[in-house]
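2 protein chains.
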Amino acid sequence: MICHEKGVNTLIAQRKSVELDHFHVPWEKITMKMLSLPYRVGILGGGQLARMLALKAHQMGLEPHVLSLSHQDPAAQVTSWWSQGDPNVPLQAERFLSGVDVATFESEFYCAQSLSQAVEKTQVPLFPQPNVMATLQDRWPQKQLLDRYNISTSPYLSVQNRTELNSAHDTLGLPFVLKKRRFGYDGYGTLIIKDKDQFTELYQVFKEDDVGFIAEAFVPFERELALMMIRSRDKSFVSYPLVESYQQNSRCLWVKGPAQHPNFVPFKEKLQEMLESINYVGAIGIEMFDTGDRLLVNELAPRVHNSGHYTMDAMSEDQFSLHLKSILGLPLGDVHSLAPGFAMYNLLGSGQSDPQWTLPEAVYFHWYGKGENRDGRKMGHLNCLASTPDLALKRLTDARRLIQI
Amino acid sequence: MICHEKGVNTLIAQRKSVELDHFHVPWEKITMKMLSLPYRVGILGGGQLARMLALKAHQMGLEPHVLSLSHQDPAAQVTSWWSQGDPNVPLQAERFLSGVDVATFESEFYCAQSLSQAVEKTQVPLFPQPNVMATLQDRWPQKQLLDRYNISTSPYLSVQNRTELNSAHDTLGLPFVLKKRRFGYDGYGTLIIKDKDQFTELYQVFKEDDVGFIAEAFVPFERELALMMIRSRDKSFVSYPLVESYQQNSRCLWVKGPAQHPNFVPFKEKLQEMLESINYVGAIGIEMFDTGDRLLVNELAPRVHNSGHYTMDAMSEDQFSLHLKSILGLPLGDVHSLAPGFAMYNLLGSGQSDPQWTLPEAVYFHWYGKGENRDGRKMGHLNCLASTPDLALKRLTDARRLIQI
Numbered sequence: 098m099i100c101h102e103k104g105v106n107t108l109i110a111q112r113k114s115v116e117l118d119h120f121h122v123p124w125e126k127i128t129m130k131m132l133s134l135p136y137r138v139g140i141l142g143g144g145q146l147a148r149m150l151a152l153k154a155h156q157m158g159l160e161p162h163v164l165s166l167s168h169q170d171p172a173a174q175v176t177s178w179w180s181q182g183d184p185n186v187p188l189q190a191e192r193f194l195s196g197v198d199v200a201t202f203e204s205e206f207y208c209a210q211s212l213s214q215a216v217e218k219t220q221v222p223l224f225p226q227p228n229v230m231a232t233l234q235d236r237w238p239q240k241q242l243l244d245r246y247n248i249s250t251s252p253y254l255s256v257q258n259r260t261e262l263n264s265a266h267d268t269l270g271l272p273f274v275l276k277k278r279r280f281g282y283d284g285y286g287t288l289i290i291k292d293k294d295q296f297t298e299l300y301q302v303f304k305e306d307d308v309g310f311i312a313e314a315f316v317p318f319e320r321e322l323a324l325m326m327i328r329s330r331d332k333s334f335v336s337y338p339l340v341e342s343y344q345q346n347s348r349c350l351w352v353k354g355p356a357q358h359p360n361f362v363p364f365k366e367k368l369q370e371m372l373e374s375i376n377y378v379g380a381i382g383i384e385m386f387d388t389g390d391r392l393l394v395n396e397l398a399p400r401v402h403n404s405g406h407y408t409m410d411a412m413s414e415d416q417f418s419l420h421l422k423s424i425l426g427l428p429l430g431d432v433h434s435l436a437p438g439f440a441m442y443n444l445l446g447s448g449q450s451d452p453q454w455t456l457p458e459a460v461y462f463h464w465y466g467k468g469e470n471r472d473g474r475k476m477g478h479l480n481c482l483a484s485t486p487d488l489a490l491k492r493l494t495d496a497r498r499l500i501q502i
Numbered sequence: 098m099i100c101h102e103k104g105v106n107t108l109i110a111q112r113k114s115v116e117l118d119h120f121h122v123p124w125e126k127i128t129m130k131m132l133s134l135p136y137r138v139g140i141l142g143g144g145q146l147a148r149m150l151a152l153k154a155h156q157m158g159l160e161p162h163v164l165s166l167s168h169q170d171p172a173a174q175v176t177s178w179w180s181q182g183d184p185n186v187p188l189q190a191e192r193f194l195s196g197v198d199v200a201t202f203e204s205e206f207y208c209a210q211s212l213s214q215a216v217e218k219t220q221v222p223l224f225p226q227p228n229v230m231a232t233l234q235d236r237w238p239q240k241q242l243l244d245r246y247n248i249s250t251s252p253y254l255s256v257q258n259r260t261e262l263n264s265a266h267d268t269l270g271l272p273f274v275l276k277k278r279r280f281g282y283d284g285y286g287t288l289i290i291k292d293k294d295q296f297t298e299l300y301q302v303f304k305e306d307d308v309g310f311i312a313e314a315f316v317p318f319e320r321e322l323a324l325m326m327i328r329s330r331d332k333s334f335v336s337y338p339l340v341e342s343y344q345q346n347s348r349c350l351w352v353k354g355p356a357q358h359p360n361f362v363p364f365k366e367k368l369q370e371m372l373e374s375i376n377y378v379g380a381i382g383i384e385m386f387d388t389g390d391r392l393l394v395n396e397l398a399p400r401v402h403n404s405g406h407y408t409m410d411a412m413s414e415d416q417f418s419l420h421l422k423s424i425l426g427l428p429l430g431d432v433h434s435l436a437p438g439f440a441m442y443n444l445l446g447s448g449q450s451d452p453q454w455t456l457p458e459a460v461y462f463h464w465y466g467k468g469e470n471r472d473g474r475k476m477g478h479l480n481c482l483a484s485t486p487d488l489a490l491k492r493l494t495d496a497r498r499l500i501q502i
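Residue numbers (this note's numbering), protein chains in the order written: chain A, 98 to 502; chain B, 98 to 502.
No wet-lab data here; the hints were simulated from the structure. Check each hint, because a few of them may be wrong.
One copy or two, either will do: identical chains are not told apart, so a pair holds if it fits within one copy or between any two.
[What the hints assert, rightly or not] Derived SDA-like pairs (lysine to any residue); straight-line CA-CA distance at most 25 angstroms:
(1) K293 / L435
(2) K491 / H433
(3) K491 / G430
(4) K304 / E191
(5) K491 / L435
(6) K332 / Q453
(7) K276 / H433
(8) K332 / D495
Please work from the sequences and hints to get the whole structure.
So, in structure tokens, the structure goes:
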């Protein structure tokens, strides 16, 4: 055991050495994009992802302009450049865009067509691009995109009516998964049909819906994995480590990493190829199933992502910083992890009491400033570094007990 | 050289291992102070120190309330809880304090008496305490405090009139240093009298001033050093590494660390003893002269400090986070550095053009959002990690060229 620990430490030392060498940047060879200050970054949406983007933007010297419904929204609290409005109302989106230099969003479920028009009218770029948003906000073209680049995913069928629901049952067998094509997150809009009775019940109540559905084969997986990738307008590219994520009631409870999988490298290469082909710009969260020998993409989210929150403390540069650099067209450089193991633990609301919390030692605490403590709501998260992923996670489950939500 | 590098890496590996073990916190033995949300932290002042405190407060789930003169102030930009006002106007300070749960300040030069009264009336605690602020904002009682705890500093005399100016000349010899007792920073309010002619000129124009002066012996030093210490209301204590700082035109240009000095450990112990004796709460910046064999305190600043900005990226927890924890009475835990070498480089204004900047790779960029680019003004700073302090500094001097201010 002691020998093993020494082995790990030598490994860390070697890796650190390599990483520190990576810091030797050939400045003279780099053509840097220069930005004039002040530089205004528009963020559509006011939740925790927008908040963390805005906080990082302040640090980097960017002016974060936030468009959201309420001045009490998590992101509205952290900037003086907040505007009241709805990104889905074309005129409000347009007015907001006309006051910034570049824009991004925290949710892929805005009306892509309306945003596309606002971009065209104002000539203010929005990343990821509205057409990419349109493709990825809908599970049907998202699946087709994955197919086109030969990236494994679960078998699927479109379900618009009862006839197609029957076909899905016949083709995929039981259990299978029925998902709304759009607006699904954290398990909302997802139904697992486990047996004949459930299918009969569903068949009886099934109604056509203008959003539409997709049926997916149920994938028996060993664990869920996740990955953040970021691609800049200048074409530089960063892939964060593979991590394991654990969902409770379809909501992410924790993430630990780094994780390994024998097929990860070729899988990652195919994903990168896909992103390059569609000229993707920004951060993208990739959720995967590990079936043992295979990796399958479960979902793509074209934005900063909960599964990447560990990067705030565990990596040399976090997803929010790199996402902002990417939409500005700045080089992303290299990232490296700051410890051999790390973990993230979501602080989910109970809806039962006012939160009481303390700031545990050796644990990084992040809170979103949400007023209402609703059951299962993402209120904040904890990060931890340690010598192994499991030890980091163990500390977080211990520390979690110090916080009453 | 290779052997030496291996030695360094082994050292890092060993140190990392010890540090990771420190993460084993005996939760069951810790009585944690629980805080109810929302928890409002008042910050007096709106400059870059207030801004960095506010950004960290948001992350930690605290509501940063800022009192400053202009809504364009660096800290006013980063919170929706900004109030227009002057901390030196008693009624404005009182009204502000009555709306928060605990308060702190970014400058020790506010009227301590007025703040003391506001604290008494509102019963809202302010840290560091107003009486500590009063002692440390005036170089005369500050020197006397250092004397009381037998902490080396340069010989000094009070100078209120021409007779005392003559005594200073006779006692300290030439050159000597004349400083305003209060309101001095970045070289403002400091005069070095180098020769007889300068003394005669000074003698002729010397006028009594209600702030008063202090004369100090000129200390020929080899280098300047700096140190951040933080003490919590729960009495836990953290000392960051010793660092070297370099001043250009009396303004800090860079910091690199860690630095070594043979007398550092006993010196540090005396400083800690002093802070414990006066029940100090908060962060304190300690500027020192290294004369080769001796360490002398040059100045104490009872607040977060420019010489501690490297902690934002180079340490496991930064001065802003620990200062906030300290005024909340939370345990500070341990801190450790994330690389064997680190540096900080101030981005000082030239007053000549609109800033143009880029975000260099492998360098952490921090910007304060100041509207006006004045000559010598602190506009932002860069941090860097590397295998040695010198290498980190070298990278920053290179990266600095990419930023036009």
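Evaluated hints:
| no. | hint | result |
| --- | --- | --- |
| 1 | K293 / L435 | neither (50 angstroms within a copy, 56 angstroms between copies) |
| 2 | K491 / H433 | both (23 angstroms within a copy, 21 angstroms between copies) |
| 3 | K491 / G430 | between (32 angstroms within a copy, 18 angstroms between copies) |
| 4 | K304 / E191 | neither (35 angstroms within a copy, 61 angstroms between copies) |
| 5 | K491 / L435 | both (18 angstroms within a copy, 22 angstroms between copies) |
| 6 | K332 / Q453 | between (45 angstroms within a copy, 22 angstroms between copies) |
| 7 | K276 / H433 | neither (36 angstroms within a copy, 47 angstroms between copies) |
| 8 | K332 / D495 | between (42 angstroms within a copy, 24 angstroms between copies) |
Violated hints, in rising order: 1, 4, 7; the structure is consistent with all others.
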